[in-house]
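When you get a sec, could you build the whole thing from the sequences and use the hints?
Protein chains: 2
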Amino acid sequence: MRQSQLFTKTQKEAPSDEEAKNAQLLIRAGYLHKEMAGVYQLLPLGLRVVEKIKQIVREEMNAIDSQEMLATAMQSKEVWERTDRWDDEKVEVWFKSELKAGGEIGFGWSHEEPLANMMKNHIASYKDLPKMIYQFQNKLRNELRAKSGIMRGREFLMKDAYSFADTEEQHEKMYADQQQAYKNVYDRVGIGEDTYMTFAAGGAFTQFSHEFQTVCEAGEDITYICKEKGIAINEEVLEEANLEELGVVRDELVETKTAEVGNIFNFGRHKAEDAGLFYKNSEGERTPVWMGSYGIGITRVMGVVVEKKADEKGLVWPESIAPFKVHLVALNTDDEEISDWAEGVYASLQKQGVEVLFDDRNARPGEKFAESDLLGIPYRVVVSKKGKEAGTFEVVTRATGEVRNLTEEELYADFS
Amino acid sequence: MRQSQLFTKTQKEAPSDEEAKNAQLLIRAGYLHKEMAGVYQLLPLGLRVVEKIKQIVREEMNAIDSQEMLATAMQSKEVWERTDRWDDEKVEVWFKSELKAGGEIGFGWSHEEPLANMMKNHIASYKDLPKMIYQFQNKLRNELRAKSGIMRGREFLMKDAYSFADTEEQHEKMYADQQQAYKNVYDRVGIGEDTYMTFAAGGAFTQFSHEFQTVCEAGEDITYICKEKGIAINEEVLEEANLEELGVVRDELVETKTAEVGNIFNFGRHKAEDAGLFYKNSEGERTPVWMGSYGIGITRVMGVVVEKKADEKGLVWPESIAPFKVHLVALNTDDEEISDWAEGVYASLQKQGVEVLFDDRNARPGEKFAESDLLGIPYRVVVSKKGKEAGTFEVVTRATGEVRNLTEEELYADFS
Numbered sequence: 001m002r003q004s005q006l007f008t009k010t011q012k013e014a015p016s017d018e019e020a021k022n023a024q025l026l027i028r029a030g031y032l033h034k035e036m037a038g039v040y041q042l043l044p045l046g047l048r049v050v051e052k053i054k055q056i057v058r059e060e061m062n063a064i065d066s067q068e069m070l071a072t073a074m075q076s077k078e079v080w081e082r083t084d085r086w087d088d089e090k091v092e093v094w095f096k097s098e099l100k101a102g103g104e105i106g107f108g109w110s111h112e113e114p115l116a117n118m119m120k121n122h123i124a125s126y127k128d129l130p131k132m133i134y135q136f137q138n139k140l141r142n143e144l145r146a147k148s149g150i151m152r153g154r155e156f157l158m159k160d161a162y163s164f165a166d167t168e169e170q171h172e173k174m175y176a177d178q179q180q181a182y183k184n185v186y187d188r189v190g191i192g193e194d195t196y197m198t199f200a201a202g203g204a205f206t207q208f209s210h211e212f213q214t215v216c217e218a219g220e221d222i223t224y225i226c227k228e229k230g231i232a233i234n235e236e237v238l239e240e241a242n243l244e245e246l247g248v249v250r251d252e253l254v255e256t257k258t259a260e261v262g263n264i265f266n267f268g269r270h271k272a273e274d275a276g277l278f279y280k281n282s283e284g285e286r287t288p289v290w291m292g293s294y295g296i297g298i299t300r301v302m303g304v305v306v307e308k309k310a311d312e313k314g315l316v317w318p319e320s321i322a323p324f325k326v327h328l329v330a331l332n333t334d335d336e337e338i339s340d341w342a343e344g345v346y347a348s349l350q351k352q353g354v355e356v357l358f359d360d361r362n363a364r365p366g367e368k369f370a371e372s373d374l375l376g377i378p379y380r381v382v383v384s385k386k387g388k389e390a391g392t393f394e395v396v397t398r399a400t401g402e403v404r405n406l407t408e409e410e411l412y413a414d415f416s
Numbered sequence: 001m002r003q004s005q006l007f008t009k010t011q012k013e014a015p016s017d018e019e020a021k022n023a024q025l026l027i028r029a030g031y032l033h034k035e036m037a038g039v040y041q042l043l044p045l046g047l048r049v050v051e052k053i054k055q056i057v058r059e060e061m062n063a064i065d066s067q068e069m070l071a072t073a074m075q076s077k078e079v080w081e082r083t084d085r086w087d088d089e090k091v092e093v094w095f096k097s098e099l100k101a102g103g104e105i106g107f108g109w110s111h112e113e114p115l116a117n118m119m120k121n122h123i124a125s126y127k128d129l130p131k132m133i134y135q136f137q138n139k140l141r142n143e144l145r146a147k148s149g150i151m152r153g154r155e156f157l158m159k160d161a162y163s164f165a166d167t168e169e170q171h172e173k174m175y176a177d178q179q180q181a182y183k184n185v186y187d188r189v190g191i192g193e194d195t196y197m198t199f200a201a202g203g204a205f206t207q208f209s210h211e212f213q214t215v216c217e218a219g220e221d222i223t224y225i226c227k228e229k230g231i232a233i234n235e236e237v238l239e240e241a242n243l244e245e246l247g248v249v250r251d252e253l254v255e256t257k258t259a260e261v262g263n264i265f266n267f268g269r270h271k272a273e274d275a276g277l278f279y280k281n282s283e284g285e286r287t288p289v290w291m292g293s294y295g296i297g298i299t300r301v302m303g304v305v306v307e308k309k310a311d312e313k314g315l316v317w318p319e320s321i322a323p324f325k326v327h328l329v330a331l332n333t334d335d336e337e338i339s340d341w342a343e344g345v346y347a348s349l350q351k352q353g354v355e356v357l358f359d360d361r362n363a364r365p366g367e368k369f370a371e372s373d374l375l376g377i378p379y380r381v382v383v384s385k386k387g388k389e390a391g392t393f394e395v396v397t398r399a400t401g402e403v404r405n406l407t408e409e410e411l412y413a414d415f416s
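Chains as they are written, first to last, in my numbering: chain B, 1 to 416; chain C, 1 to 416.
Identical chains share a label here; the pair holds if one copy fits it or two copies do between them.
Below, simulated DSSO-like cross-link-like pairs (lysine-lysine); rule was C-alpha separation at most 27 angstroms, straight line:
#1 Lys147 / Lys100
#2 Lys229 / Lys309
#3 Lys12 / Lys120
#4 Lys77 / Lys147
#5 Lys325 / Lys386
#6 Lys183 / Lys21
#7 Lys173 / Lys229
Keep in mind that the hints were calculated from the coordinates and are not lab data.
Shown next, in the form of structure tokens:
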């Protein structure tokens with residue numbers, strides 16, 4: 001894409017009411033527009049990053065036979081009353097409204113109940129199980145505070161998956177498949193090394209639930225981590241008996257600020273029992289379905305990546321989720337020979353299938369480089385008069401600052 | 001995809017409270033789940049159709065240099081107060097709610113105001129114009145009645161685009177580009193022949209606005225159409241002076257039931273003036289931007305296609321938006337030779353890049369065919385013992401009922 005055509009502009013300053021580093025940078029770089037606290041429009045560059053993260057998650061979900069669908073924001077009061085989660089005393093984050101036609105509706109802060117309810121039409125017998133479904137759905141949550149940018153939105157994009165099983169064995173297998181899929185996702189988006197599957201309080205049905213926590217200064221959680229053993233524990237289960245069971249002693253654990261980038265719940269059979277999702281087992285008995293639920297905050301993951309990778313110059317994207325792979329920056333564009341050369345390189349890289357943002361604008365080099373650093377695209381390729389004379393391009397790796405001078409041939413080979 | 005794995009099942013009956021043919025069929029075929037009146041979950045087959053329609057619209061928008069972004073459902077009261085459209089007396093379809101942190105918010109029934117507001121950060125000078133943006137956004141509308149299935153949802157997916165121009169000439173060009181893009185979209189989704197650009201009331205700034213109306217018995221609108229001249233007129237502008245201007249007489253116009261599948265508005269400079277979107281023109285003067293807005297109801301288009309194409313047996317999809325191109329139906333699957341043969345054909349078609357739903361289930365032929373007709377996939381390929389003996393497949397075109405017997409070689413050639 002040509003930067004001269006891109007409608008967004010970078011900004012010197014973030015809005016004065018924006019406290020979070022992730023949102024400040026993303027707004028300044030033109031990835032986001034702040035609608036209100038905790039609510040951000042995705043501008044073209046931001047949407048590209050979100051779609052990249054979604055595609056990684058989609059591939060990992062499809063690989064474990066999870067089927068994509070899409071539920072609705074509007075939710076029925078009756079469905080949530082059945083499991084006693086309609087009341088604002090029970091769920092604090094509801095947004096609700098009144099139908100003109102009469103009656104109350106809620107806006108989806110979660111989708112466990114509506115999807116369990118929907119599955120009643122599709123699960124009758126053990127022959128219909130196991131099944132797994134997922135969606136990318138906007139969640140709307142009436143958070144009292146929203147000061148962490150896209151790490152805690154009032155409106156945010158989540159991937160939520162749900163598993164439905166006949167036997168405990170099937171159930172455990174899908175739970176384990178999701179755990180592995182989550183690890184793959186964090187590896188692929190570039191935060192795998194610092195992300196820990198964390199033991200948290202399990203509720204009435206299981207000893208533990210599992211959160212995925214990423215080491216992050218801007219995180220809102222505290223996790224106790226033993227890096228050597230790869231064990232992480234939420235404060236709420238930091239008890240002697242649990243530590244013993246997990247094979248770790250208190251002194252090995254380091255109190256660490258973290259951000260929750262995913263969580264998975266083992267509902268056993270209780271959620272289906274409450275929601276009324278029953279099937280006939282192989283003996284013909286009416287039985288509640290084993291259920292699990294698995295969430296990843298897509299926009300939160302984006303925020304965490306920004307917080308962890310950005311430097312004093314701006315954003316730094318891992319290649320896997322960058323809006324473009326290459327930022328082709330043309331200098332001396334008033335020289336027709338240079339500008340023709342740059343056009344040729346742009347065409348060739350695109351032909352090779354490389355995603356390129358082409359800075360074809362007439363501006364000062366210093367301005368262009370500062371903006372390029374702010375945007376955080378992994379590789380900057382500079383086309384200049386000086387380079388033309390030497391027959392090379394300056395290629396700068398954003399994450400490391402490494403500078404290489406490549407010939408045209410070397411350049412294409414490098415990005416092929 | 002294997003039908004034995006697909007989690008949705010077809011249903012004999014639609015919910016008793018569902019009046020619309022489109023929703024009845026789509027629910028029975030497992031494309032949709034009804035959350036409440038006017039609110040439908042997209043199940044995997046339904047999501048595939050929606051994604052196909054989106055991709056067609058996306059290609060047509062990108063072709064006219066419109067840039068994709070994604071705004072939010074949550075909207076700020078202040079932004080809508082500025083143009084005097086926050087009041088429920090002014091806009092009847094608002095859903096509103098209260099923030100826990102204090103203050104009211106609205107849920108997006110339209111996005112003109114928030115996007116005009118966002119553009120203030122990106123349009124400063126005539127050099128930043130012209131620009132066009134679009135999004136696929138869920139709209140939430142508090143409709144008093146919602147009896148037309150996905151043709152009038154309380155929650156529905158819309159493509160909305162907005163153009164921003166410096167000069168009237170740029171503005172008219174983008175308006176014309178969008179008109180052409182809309183025609184291309186209706187052609188590609190299979191309703192082009194029956195869709196008319198219709199003259200409707202233009203409001204304070206232009207003589208006419210333009211709706212796209214599709215001839216449809218289930219439509220909620222009445223349009224006056226002269227098929228020969230390709231002219232269509234909304235009742236509200238059915239006046240002698242207008243007819244004269246458009247070169248048609250009243251007797252040539254046939255009163256026709258239609259569904260509105262798109263509408264485009266020419267705001268002139270007034271919307272930007274109200275919203276406070278100004279730029280510096282080439283003379284350095286502060287000037288309101290020329291704006292247009294362009295909407296297509298994605299899920300409504302899907303509903304209209306269903307209403308127009310479906311027959312007594314079920315859904316009938318045009319190839320361009322079908323969830324799969326081929327429904328491969330294996331009979332006699334208890335015969336290992338037949339089932340192996342079917343598996344081979346499934347693998348070969350997929351390898352050829354053909355999208356196939358493979359009915360690999362063990363069920364009676366009559367049941368399979370009835371379900372195949374209900375699903376409406378364009379081509380049914382039957383693998384059977386009888387066919388094996390003759391060395392052929394029965395290929396049925398869903399729309400016409402045409403039956404052909406093709407050899408394996410002919411089959412692959414036909415779908416290549």
